[in-house]
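Each chain, letter by letter, is given below.
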Amino acid sequence: MLQAVDDLALQVMLKGAAAFRSKAMASILEVARKTSPADFVVEMERLVKLAKAKTLTDEDARNGASALQAILAPPPAPPVPEPAAPVPFEEDAELLNDFVLEAEEHLTSIEERILQLEKDPSLTEAIHAVFRSFHSIKGLAGFLGLDGVQAVAHEVETLLDHARNARVSVDSAIVDLVLEAAEYLKDEVAAVQARLSGSLPPVIRNNVSLLASVRSVNEEVQSGRRAVATAAAAEAATVVAVVAPVAEPVAPVVDTAVTTADVSESSFHEEEEVVAFTLDQEEEDQAAATAIAAQPAVPVEVVKAAPAPVAVVAAPKAVPAPAPSQQEPMRVEVASTSVRVETSKLDRLMDMVGEMVIAQSILMNLSRASANVETRMAGELAQLARITTEVQRCAMSMRMMPIGPLFQKNAKMVRDLSRRNGKKVNLELAGESTELDKTIAEELADPLLHMIRNALDHGIEPPQERLAVGKSEMATLKISAEHEAGQIVVSISDDGRGLNPDKIRNKALERGLIDENQHLSEQEIFHLIFAPGFSTAEKITDISGRGVGMDVVRQHVEHLRGRILIESELGKGTTFYIHLPLTLAIIEGLVIVVGDHRYIIPLFSVREMCRPTEDMLFTVQGQDEMILMRGSLLPLVRLHRRFYIEPKSETITDGLLVVCEFAGKRFCLFVDDLLGRQEVVIKSLDEAFKSVRGLAGSAILGDGRIGLILDVAGIFSQNGFEGLAA
Amino acid sequence: MEIQSIQTTGTNAAAAAHRGSADKHLIFSLGKEEFGIQVLAIKEIIGMQEVTPVPKMPSHIKGVINLRGQVIPVVDLSLKFMLTPQEYTYRTCIIVVRTRGANGDRLIGAIADGVSEVLTIAQGDIEDSPDFGNGNPTPYLKGIAKVHGKVKLLLDIHEVFRTDSVVGLNFSN
Numbered sequence: 001m002l003q004a005v006d007d008l009a010l011q012v013m014l015k016g017a018a019a020f021r022s023k024a025m026a027s028i029l030e031v032a033r034k035t036s037p038a039d040f041v042v043e044m045e046r047l048v049k050l051a052k053a054k055t056l057t058d059e060d061a062r063n064g065a066s067a068l069q070a071i072l073a074p075p076p077a078p079p080v081p082e083p084a085a086p087v088p089f090e091e092d093a094e095l096l097n098d099f100v101l102e103a104e105e106h107l108t109s110i111e112e113r114i115l116q117l118e119k120d121p122s123l124t125e126a127i128h129a130v131f132r133s134f135h136s137i138k139g140l141a142g143f144l145g146l147d148g149v150q151a152v153a154h155e156v157e158t159l160l161d162h163a164r165n166a167r168v169s170v171d172s173a174i175v176d177l178v179l180e181a182a183e184y185l186k187d188e189v190a191a192v193q194a195r196l197s198g199s200l201p202p203v204i205r206n207n208v209s210l211l212a213s214v215r216s217v218n219e220e221v222q223s224g225r226r227a228v229a230t231a232a233a234a235e236a237a238t239v240v241a242v243v244a245p246v247a248e249p250v251a252p253v254v255d256t257a258v259t260t261a262d263v264s265e266s267s268f269h270e271e272e273e274v275v276a277f278t279l280d281q282e283e284e285d286q287a288a289a290t291a292i293a294a295q296p297a298v299p300v301e302v303v304k305a306a307p308a309p310v311a312v313v314a315a316p317k318a319v320p321a322p323a324p325s326q327q328e329p330m331r332v333e334v335a336s337t338s339v340r341v342e343t344s345k346l347d348r349l350m351d352m353v354g355e356m357v358i359a360q361s362i363l364m365n366l367s368r369a370s371a372n373v374e375t376r377m378a379g380e381l382a383q384l385a386r387i388t389t390e391v392q393r394c395a396m397s398m399r400m401m402p403i404g405p406l407f408q409k410n411a412k413m414v415r416d417l418s419r420r421n422g423k424k425v426n427l428e429l430a431g432e433s434t435e436l437d438k439t440i441a442e443e444l445a446d447p448l449l450h451m452i453r454n455a456l457d458h459g460i461e462p463p464q465e466r467l468a469v470g471k472s473e474m475a476t477l478k479i480s481a482e483h484e485a486g487q488i489v490v491s492i493s494d495d496g497r498g499l500n501p502d503k504i505r506n507k508a509l510e511r512g513l514i515d516e517n518q519h520l521s522e523q524e525i526f527h528l529i530f531a532p533g534f535s536t537a538e539k540i541t542d543i544s545g546r547g548v549g550m551d552v553v554r555q556h557v558e559h560l561r562g563r564i565l566i567e568s569e570l571g572k573g574t575t576f577y578i579h580l581p582l583t584l585a586i587i588e589g590l591v592i593v594v595g596d597h598r599y600i601i602p603l604f605s606v607r608e609m610c611r612p613t614e615d616m617l618f619t620v621q622g623q624d625e626m627i628l629m630r631g632s633l634l635p636l637v638r639l640h641r642r643f644y645i646e647p648k649s650e651t652i653t654d655g656l657l658v659v660c661e662f663a664g665k666r667f668c669l670f671v672d673d674l675l676g677r678q679e680v681v682i683k684s685l686d687e688a689f690k691s692v693r694g695l696a697g698s699a700i701l702g703d704g705r706i707g708l709i710l711d712v713a714g715i716f717s718q719n720g721f722e723g724l725a726a
Numbered sequence: 001m002e003i004q005s006i007q008t009t010g011t012n013a014a015a016a017a018h019r020g021s022a023d024k025h026l027i028f029s030l031g032k033e034e035f036g037i038q039v040l041a042i043k044e045i046i047g048m049q050e051v052t053p054v055p056k057m058p059s060h061i062k063g064v065i066n067l068r069g070q071v072i073p074v075v076d077l078s079l080k081f082m083l084t085p086q087e088y089t090y091r092t093c094i095i096v097v098r099t100r101g102a103n104g105d106r107l108i109g110a111i112a113d114g115v116s117e118v119l120t121i122a123q124g125d126i127e128d129s130p131d132f133g134n135g136n137p138t139p140y141l142k143g144i145a146k147v148h149g150k151v152k153l154l155l156d157i158h159e160v161f162r163t164d165s166v167v168g169l170n171f172s173n
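Quick note, the sequences are listed as chains A and B, same order.
Taking full-length UniProt numbering, the leading residue of the first sequence gets 1, the next gets one more, and so forth.
Taking full-length UniProt numbering, the leading residue of the second sequence gets 1, the next gets one more, and so forth.
These are computed hints drawn from the structure, not numbers from a lab.
Take the hints with a grain of salt, since some may be wrong.
Unchecked claim - Think about it this way: if two alpha-carbon atoms lie no more than 27 Å apart in a straight line, the pair counts; the simulated BS3-like pairs of lysine-lysine are:
#, chain 1, residue 1, chain 2, residue 2
1, A, Lys-665, B, Lys-56
2, A, Lys-424, A, Lys-119
3, A, Lys-345, B, Lys-43
4, A, Lys-412, A, Lys-478
5, A, Lys-690, B, Lys-24
6, A, Lys-471, A, Lys-412
7, A, Lys-648, B, Lys-62
8, A, Lys-471, A, Lys-438
9, A, Lys-409, A, Lys-424
10, B, Lys-62, A, Lys-690
11, B, Lys-56, A, Lys-690
12, A, Lys-424, A, Lys-572
13, A, Lys-572, A, Lys-471
14, A, Lys-409, A, Lys-503
15, A, Lys-665, A, Lys-503
16, A, Lys-507, A, Lys-690
17, A, Lys-507, A, Lys-186
18, A, Lys-478, A, Lys-345
19, A, Lys-471, A, Lys-424
20, A, Lys-648, B, Lys-56
21, A, Lys-507, A, Lys-572
Said to hold, decoys possible - Where chain A lies over chain B, by a calculated footprint (3+ residues, C-beta under 8 Å):
#, region
22, 47-54
23, 111-124
Unchecked claim - Sample of chain A residues with no beta-carbon within 12 Å of chain B, all distances over it, derived:
#, residue
24, Val-42
25, Asp-347
26, Asp-416
27, Gly-512
28, Ile-586
29, Val-594
30, Asp-672
31, Asp-686
32, Glu-687
33, Gly-694
34, Gly-704
35, Gly-707
Even for Gly, the Cβ is constructed at its ideal location relative to N, Cα and C.
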């Protein structure tokens, strides 16, 4: 309860009387009626009522909040979570949704920061950041009545508070604890999200042991270095003492706070908060007092001393509401300058921008076609063209996000896995600020995970083995991202064993993936590792060896229209390069014609084009057709036959062959003609068309008409081998 | 308490307004028959335009059009209901309706021979679709309204455009 009231008091500070009108009031009141003294409830009810009627002044609200705090003042040690406000889910879905989003952000930042801390424990800013994140989560959870979250966040916060005040140094045991707590919170958040979306919430493991272990560390710290703690308390008291003579009206409150600090045994952190609060109030009085009294010496010291604790403690609390920044200087740094926008809105924006570009180009063509256009008009049109291009570029960039967070997620896994396997790995990240489409980033998460696991399990040798071959004990795993020729290249590089082409070849022979006299390039041999069920690992561990992972990688990357290159030297290490398009929303395509129809073939699946001659065509058993092209035989697919449409001509020499490739297979697609090459924005087709194989989507062409985008794999396998296989 | 009562009246007013517009139907013709669709479900009415055909679809699905950057399917209702196919004239138009899809709302264009008016048809004036004794239900039909001595067939557009529905409007012949 005290927690909730503290939060409330802060809200009042920031927003004035409006804070009493917030939604959470109802739940606080409800709990208050059950658990708090009668005078508290009466006071609370009075304030809420006044606030609703809008007759409550900010001044009164502030006083009221202090009064409420005073009633509850001698704080019963809060680690025991009170029966928190049972917020009905359906009513507060919006609040909870915000909680989920915010908590997820905090948890990501916690993981990132804590791993930084492990590398360099002297990073005080990182401790503060982690502390703030936990504190925010605690505050939010408190409001929403998520007991488990609040209890765990509270304990960890206490622990971090010790760390922050240099009462304990951040060693790997503490990092483990914090990470475990973060993991638990993540599960809780996932459960809330599941409940929100109406699906069955996952089972949440018990937090008792986690709580107990954090608590025991806290107690150790507290009992072991009690002296330090009291010193800090004394320091706080001094600050207050300096203030006291000047700001007399507040002095009694301060006294209470200090006494509490001296008396209470359990949670040092809570008291400090109380002190901070009173200080904050004093600061205001102080400012007034200074103006009249003009006693520079004393106030200067106070002002120097006071803001620090206030800022650190108060800042995270302010997260639920945007706060005026002059009260908390630290807040400015924490505040993110981004706005959350629904993806559907972005898509809509993209649609409209696309239309604008089309309208603009039509206008442009019109002006070129007509003879007597004023020069001024032409100039303005050119200006419009520039603006539209810029707007389109902006709209595209909105979907982009940096790849950094994705890397960070894996950093934790590298740490866990390498430790479990007894390997020493130094993880290097590069190019974290490289931006890529959000959808791609999300889909990339899985393949990245598998490739890192693979590198850790198969690539990197145990320390003894490394030392034996003269490498340093510490292996290096490097993950980087960069832009290259309109693509994103993500590389995962280890300095481990490297791939053994002979071993892979033998294994593939054994499994019947290739045959004896098949000649394969090194790259082709390396790519065999992506075959489903392929594994050279002698034993299956819990991490990998089942031959599933790399298959998943291949599928995902193909789905993203990307490709993988492997570089490997036996004994030196392996590097995987994943080439990905910058965005999924736009593709380059060839616009082709068959009869009256226009289609777009994605350029990434086109290898070459040619005008065939009569002697290139061969028939197989009178029906299937093959094309002999530079010594290799490729199956011929006539698009009009697959789509049952009327072509301009059936004669092979009248048309054009497009050599398409998918999943390593090549075939020739026979079409009437080629219109050109164009960048198009992909638009999905309505569900009514989901039964049509061979269509990947649609796009609006330069003249405003629609072109259907072909799915090369779907076209080839129609009534073909896929049908037989199924 | 006060606030609650205000909210209740507010809801009532909104419900009343809602009911008012729910009664409004757009009347359009397919051949000789007249049909009605709830105005609430209609996004807009546009003139006939070039439709890009999609291969391997049943004949009533004419293809897709570009509705200001959105690609939406277009269905010829005459063909869908197995009525006599109509020539497209200057009166032919596409009624863009909003219906429920598997992944949220979707827009579909329905080709009609011409729209005539918007009529307010009270619930009480709507009769259940008659039993023609052939045992076939008429799932697309929400009811039949008689206005000024003429019959208007009121369609349930969500049923009409359900992706999995392949049944014809069986009473047409």
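To see whether the hints hold, each was checked on the structure:
1. Lys-665(A) <-> Lys-56(B): holds, 25 Å
2. Lys-424(A) <-> Lys-119(A): Distance of about 14 Å is within 27 Å: holds.
3. Lys-345(A) <-> Lys-43(B): holds, 18 Å
4. Lys-412(A) <-> Lys-478(A): holds, 14 Å
5. Lys-690(A) <-> Lys-24(B): This hinted pair is violated, its Cα atoms lying about 33 Å apart.
6. Lys-471(A) <-> Lys-412(A): Judged against 27 Å, a Cα distance of about 25 Å means the pair holds.
7. Lys-648(A) <-> Lys-62(B): Roughly 21 Å separates the two Cα atoms, so the pair holds.
8. Lys-471(A) <-> Lys-438(A): violated, 39 Å
9. Lys-409(A) <-> Lys-424(A): holds, 19 Å
10. Lys-62(B) <-> Lys-690(A): holds, 15 Å
11. Lys-56(B) <-> Lys-690(A): holds, 11 Å
12. Lys-424(A) <-> Lys-572(A): Given that 27 Å is the threshold and the Cα spacing comes to 17 Å, the pair holds.
13. Lys-572(A) <-> Lys-471(A): holds, 9 Å
14. Lys-409(A) <-> Lys-503(A): violated, 33 Å
15. Lys-665(A) <-> Lys-503(A): Since the Cα atoms of Lys-665(A) and Lys-503(A) sit roughly 25 Å apart, the hinted pair holds (cutoff 27 Å).
16. Lys-507(A) <-> Lys-690(A): violated, 40 Å
17. Lys-507(A) <-> Lys-186(A): violated, 41 Å
18. Lys-478(A) <-> Lys-345(A): This hinted pair is violated, its Cα atoms lying about 37 Å apart.
19. Lys-471(A) <-> Lys-424(A): holds, 12 Å
20. Lys-648(A) <-> Lys-56(B): holds, 19 Å
21. Lys-507(A) <-> Lys-572(A): Holds: Lys-507(A) and Lys-572(A) sit about 21 Å apart, inside 27 Å.
22. 47-54: Since 4 is at least three, the answer is holds.
23. 111-124: violated (count 0)
24. Val-42: holds, 19 Å
25. Asp-347: Per Cβ check, Asp-347(A) is inside 12 Å of chain B; nearest 10 Å; violated.
26. Asp-416: holds, 37 Å
27. Gly-512: Nearest chain B Cβ is 37 Å from Gly-512(A), so the label holds.
28. Ile-586: holds, 14 Å
29. Val-594: It is violated; Val-594(A) is separated from chain B by about 10 Å at its closest Cβ, not greater than 12 Å.
30. Asp-672: holds, 15 Å
31. Asp-686: About 4 Å separates Asp-686(A) from the closest Cβ of chain B, which leaves it inside 12 Å; violated.
32. Glu-687: violated, 5 Å
33. Gly-694: Check fails; 8 Å does not lie beyond 12 Å.
34. Gly-704: violated, 6 Å
35. Gly-707: Since the minimum Cβ distance to chain B is about 8 Å, Gly-707(A) lies within 12 Å and the statement is violated.
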